[in-house]
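Asks: So the chains spell out like this:
Number of protein chains: 2
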Amino acid sequence: MFRLIGALLLSVAIALVTGPKLIAYLKKLHFGQTIYELGPAHQQKQGTPVMGGLMMAAGIVIASLVFHPAKWDGAWDFIFPLLAVSLLSMAVGFADDYIKAVKKRHDGLSPWQKIAGQVIVAVGFSVYCYFSPAVGSRIRIPFFAVEWDLGIFYIPVMALLTIFIVNSSNLQDGLDGLLGTVTAVGSSAWTVICLLLMTVPALAGTADRNGAEVTAVFMISMAGACVGFLRYNRYPAKTFMGDTGSMLLGGGMVAAAMLLRQPLLLILIFFTPIMSSVSVIMQRYYFKLTHGKRIFLMSPIHHHFEKKGYSETQIVSMYAGVTLVLSLIAVLSILM
Amino acid sequence: MFRLIGALLLSVAIALVTGPKLIAYLKKLHFGQTIYELGPAHQQKQGTPVMGGLMMAAGIVIASLVFHPAKWDGAWDFIFPLLAVSLLSMAVGFADDYIKAVKKRHDGLSPWQKIAGQVIVAVGFSVYCYFSPAVGSRIRIPFFAVEWDLGIFYIPVMALLTIFIVNSSNLQDGLDGLLGTVTAVGSSAWTVICLLLMTVPALAGTADRNGAEVTAVFMISMAGACVGFLRYNRYPAKTFMGDTGSMLLGGGMVAAAMLLRQPLLLILIFFTPIMSSVSVIMQRYYFKLTHGKRIFLMSPIHHHFEKKGYSETQIVSMYAGVTLVLSLIAVLSILM
Chain A
1 MFRLIGALLL
11 SVAIALVTGP
21 KLIAYLKKLH
31 FGQTIYELGP
41 AHQQKQGTPV
51 MGGLMMAAGI
61 VIASLVFHPA
71 KWDGAWDFIF
81 PLLAVSLLSM
91 AVGFADDYIK
101 AVKKRHDGLS
111 PWQKIAGQVI
121 VAVGFSVYCY
131 FSPAVGSRIR
141 IPFFAVEWDL
151 GIFYIPVMAL
161 LTIFIVNSSN
171 LQDGLDGLLG
181 TVTAVGSSAW
191 TVICLLLMTV
201 PALAGTADRN
211 GAEVTAVFMI
221 SMAGACVGFL
231 RYNRYPAKTF
241 MGDTGSMLLG
251 GGMVAAAMLL
261 RQPLLLILIF
271 FTPIMSSVSV
281 IMQRYYFKLT
291 HGKRIFLMSP
301 IHHHFEKKGY
311 SETQIVSMYA
321 GVTLVLSLIA
331 VLSILM
Chain B
1 MFRLIGALLL
11 SVAIALVTGP
21 KLIAYLKKLH
31 FGQTIYELGP
41 AHQQKQGTPV
51 MGGLMMAAGI
61 VIASLVFHPA
71 KWDGAWDFIF
81 PLLAVSLLSM
91 AVGFADDYIK
101 AVKKRHDGLS
111 PWQKIAGQVI
121 VAVGFSVYCY
131 FSPAVGSRIR
141 IPFFAVEWDL
151 GIFYIPVMAL
161 LTIFIVNSSN
171 LQDGLDGLLG
181 TVTAVGSSAW
191 TVICLLLMTV
201 PALAGTADRN
211 GAEVTAVFMI
221 SMAGACVGFL
231 RYNRYPAKTF
241 MGDTGSMLLG
251 GGMVAAAMLL
261 RQPLLLILIF
271 FTPIMSSVSV
281 IMQRYYFKLT
291 HGKRIFLMSP
301 IHHHFEKKGY
311 SETQIVSMYA
321 GVTLVLSLIA
331 VLSILM
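Listed in order, the protein sequences are those of chains A and B.
With my numbering, the residue at position 27 of the first sequence is 27, and numbering never jumps.
With my numbering, the residue at position 5 of the second sequence is 5, and numbering never jumps.
Please keep in mind that the hints were generated in silico from the structure rather than gathered at the bench.
Possibly wrong hints are sitting among the right ones.
Since the list gives no way to pick out one identical chain from another, each pair is judged satisfied if it fits inside one copy or across any two copies.
As the list claims (entries may be wrong) - Result set (DSS-like, lysine-lysine): computed pairs, CA atoms no more than 25 Å apart in a straight line: (1) K307 x K238; (2) K28 x K104; (3) K21 x K308; (4) K238 x K104; (5) K21 x K104; (6) K27 x K238; (7) K293 x K307; (8) K114 x K100.
All chains, please: the whole structure from these sequences, using the hints.
Replies: Here it is in structure tokens:
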């Protein structure tokens with residue numbers, strides 16, 4: 001448990017310490033994203049540097065490697081995919097941010113380039129899990145202590161899930177402190193779930209116990225990195241995490257969920273980002289079906305709430321409360 | 001575990017549903033507290049009704065009784081003191097709020113009346129724990145899995161602790177959403193600690209397992225009540241919890257900590273309210289010693305941060321982050 005405490009404190013510290021220098025560096029490189037369509041009345045945010053997510057990446061990578069339980073032979077079977085999925089997802093986001101902010105080309109990566117990168121990561125990771133003896137094709141059903149064997153369908157279904165979660169995370173990142181707060185709470189919940197998987201006898205066999213320990217170190221590092229990052233990202237934000245950060249966090253969340261064989265728990269723990277995606281999809285289809293009508297004043301749904309008159313901090317508080325409640329339910333579902 | 005989910009959802013729902021009616025009722029009774037010395041530049045808050053904490057009390061009491069594990073004979077040995085300490089602490093705060101807000105007497109209860117009420121609750125509860133077979137005079141030392149038998153000193157030390165925690169909670173309640181957010185995170189941490197005490201074999205004997213289950217129901221109700229209450233208390237607040245609410249939460253926190261024999265964990269989980277108290281004490285003594293100099297621009301320390309230029313929502317975010325990190329450490333300390 002000292003490893004977990006060490007990882008938590010180190011990742012907070014790295015994000016806090018690297019923050020000011022990173023922000024100054026990003027500003028110097030003219031990394032201020034031109035804000036066109038991020039939401040209502042955010043024009044004053046022009047000039048805030050994006051790619052602040054890099055400070056979280058530093059915290060997560062260093063803390064989870066330094067406090068990695070190296071003794072167990074299979075540890076790399078977990079830390080490698082956790083880091084690979086989160087960092088490769090981040091790389092796609094980074095490329096997009098970089099083209100937009102540094103190269104000043106507003107369109108960034110083409111949709112096809114983005115999706116191609118994501119598909120490679122998602123399919124690669126799903127195949128990895130499918131063939132990993134510690135994971136396999138069976139997923140747990142929350143609340144019912146049963147497993148569902150997806151067989152070969154595991155690969156396409158989980159690849160789609162990975163892409164969906166990474167993009168949901170990306171879509172939620174639209175208000176100061178929003179995704180960071182939600183992910184701080186959510187990754188704390190995963191840490192607790194890992195603790196239960198490691199220590200409760202009735203849960204033996206639910207997930208690889210050593211793997212759960214590795215995942216706990218990774219997840220508590222992510223929680224710490226979010227807390228440190230929020231120091232600079234809470235309203236009024238000094239930096240945005242960018243696609244860099246949101247895809248990093250989304251990748252980490254989905255990788256942990258799949259390695260623990262609990263992907264369905266994302267519906268609870270990552271409910272608000274998923275809601276962001278779903279609101280965008282609903283808006284688009286409704287618009288097409290009705291030839292021009294809208295369900296929400298604006299999508300993703302957090303901008304709808306903004307247009308309804310809620311402030312950024314009110315929306316963050318609301319999303320944090322919902323995430324806390326659903327995360328507690330997710331933790332309890334494990335023990336059923 | 002269905003009991004815990006039920007308690008969580010019911011307490012959120014009660015706070016949310018009773019909120020608007022309670023606020024309207026309090027306003028009608030001219031329950032708006034006259035704000036004189038609550039902090040810098042808060043004059044515009046005059047007219048916001050206090051005693052909004054009553055909606056949390058409703059949520060906690062109803063949810064923790066409805067989902068109380070009644071089958072176990074000793075269950076009342078835990079739920080009775082939890083409710084008694086929190087509600088009697090609340091009663092002292094309520095009397096103060098009522099005199100100030102309804103009777104319009106600015107001085108409220110006299111300091112001696114307040115302290116007398118608190119001493120009765122604190123001594124009564126400490127004596128109860130001392131003689132309770134499920135608690136006794138031995139407390140756990142975090143991180144070291146050892147116990148420390150305070151003997152008869154348990155009673156005065158724990159009575160002082162109870163008074164200290166209730167007043168710390170009261171002192172922290174000075175910014176919109178601050179104490180509610182900190183307590184939502186902190187009581188979630190206690191819920192997780194109870195889950196570990198109930199299920200991890202290595203922790204058998206650390207606390208009464210059935211008692212931990214009862215405490216978990218109480219604590220998750222408190223977390224839910226805070227989340228619901230924050231709907232109306234987040235910046236800009238529609239209601240304040242008042243001494244009513246802050247003493248309720250402080251009483252509940254210290255009661256749970258003592259019944260679980262983990263009072264020292266409050267140093268982590270309830271760190272920021274304790275810091276509020278300590279900052280007030282430091283300020284006062286430094287002022288006396290130096291004949292007029294101040295350490296902080298204003299105490300409690302959250303007003304110091306305000307004077308330094310941080311906004312209310314920034315301070316809440318900062319305190320929430322600190323509480324989340326320390327709560328994770330508290331949870332991990334249990335497993336050492």
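Asks: Confirm or reject each hint.
Replies: Structure-based check of each hint:
In the homo-oligomer, the alpha carbons of K307 and K238 lie at most 25 Å apart both inside one protomer (23 Å) and across protomers (20 Å), since each shortest distance falls under that limit. In this assembly of identical chains, the alpha carbons of K28 and K104 lie at most 25 Å apart only when taken from the same copy (14 Å versus 57 Å across copies). Only between protomers do K21 and K308 lie at most 25 Å apart by alpha-carbon distance; the minimum there is 22 Å, versus 37 Å within a single protomer. In this assembly of identical chains, K238 and K104 lie within 25 Å of each other by CA distance solely inside one copy; the values are 20 Å within and 44 Å between copies.
With identical chains, the CA atoms of K21 and K104 are at most 25 Å apart within one copy only, with a shortest distance of 22 Å there and 53 Å across copies. Proximity of K27 to K238 under the C-alpha cut-off of 25 Å is restricted to the intra-copy arrangement: shortest distance 10 Å within a copy versus 39 Å between copies. Within a single copy, K293 and K307 get their C-alpha atoms as close as 17 Å, which meets the 25 Å cut-off; across copies the closest is 48 Å, which misses it. In this assembly of identical chains, the alpha carbons of K114 and K100 lie at most 25 Å apart only when taken from the same copy (13 Å versus 61 Å across copies).
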